[in-house]
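**Q** Take the position in the sequence shown, starting the count at 1, then add 5; the result is the number in this note's numbering.
Hints may contain errors.
Claimed, not checked - Taking lysine-lysine and the DSSO-like style, the derived pairs with C-alpha atoms no more than 27 Å apart in a straight line are: (1) K135 to K39; (2) K135 to K171; (3) K167 to K153; (4) K116 to K167; (5) K185 to K167.
No wet-lab data here; the hints were simulated from the structure.
None of these values were measured; they are calculated from a predicted model.
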Amino acid sequence: MNQIRHFDLDLAELKRSLVSMGNLVEQTVSLCVKTILQPALEVRDEVSVIEERIDTLETTIEERCHQIIALQSPMARDLRFLISATRITSDLEQVGDLAESISKRAHYIAKHQLVRNPPDLETLGLLAQKMIHEAIDAFVTGDIEVAKRILLEEDEADRLTKDCYKDIQTAMQAQPELIKEYTHLLRAVGHLEHIADIAVSIAEEAVYIHKGQLIRHQHEQLGENP
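Whole structure, please, built from the sequences with the hints as guidance.
**A** Following this line, the structure appears as structure tokens:
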């Protein structure tokens with residue numbers, strides 16, 4: 006088997022591993038969104054099991070990226086992909102950690118049925134979940150249009166987060182006896198916003214790989230240059 010063919014197979018296998026890791030991360034986000042909306046659901050153990058699998062994949066993918074770079078000396082776009090892949094595995098692992106934290110906070114909140122969720126909480130959770138799915142797809146497939154869409158969705162996620170914060174602060178004033186529970190809810194909302202931010206970071210990496218543009222905090226400068 007020639008070197009180019011071997012490299013292509015290695016890259017395809019790496020992309021499959023990234024998709025597998027992404028699917029696991031999406032599962033944890035889906036579970037944490039469900040449990041924050043329905044705190045009576047007990048998903049902590051399930052999320053923890055998935056998180057362990059995510060941690061294992063993170064190590065495997067990072068090691069494989071380093072091996073390919075060292076042994077095959079990839080160039081240009083392929084090198085950018087491998088370098089970025091090591092970064093986003095860390096990002097995806099962090100999403101799993103955030104989802105696990107949300108599930109634990111939801112378990113605490115579940116003990117107090119009087120806690121009222123903000124009206125926009127479900128919308129924020131589903132948007133964060135959607136953004137992570139799109140980000141992984143854009144990174145692996147190189148679909149820049151999907152990456153651009155995520156960058157636009159960031160503003161909506163920020164707006165929803167602010168609205169949720171306002172609603173929770175109002176609820177805290179109305180139910181001061183539940184201040185601790187609402188603080189957990191505030192943190193959970195912050196975690197969802199952070200998940201959306203990570204999706205944006207992955208989308209930025211996708212643009213970097215396939216267009217060679219570094220666009221962190223410069224989304225308006227995203228052009229059409231190859």
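**Q** Each hint needs a verdict: does it hold in this structure or not?
**A** Each hint tested on the structure:
1. K135 to K39: Since the Cα atoms of K135 and K39 sit roughly 14 Å apart, the hinted pair holds (cutoff 27 Å).
2. K135 to K171: 24 Å, holds
3. K167 to K153: 23 Å, holds
4. K116 to K167: The hint holds at about 26 Å.
5. K185 to K167: 20 Å, holds
In summary, the structure agrees with every hint in the numbered list given earlier.
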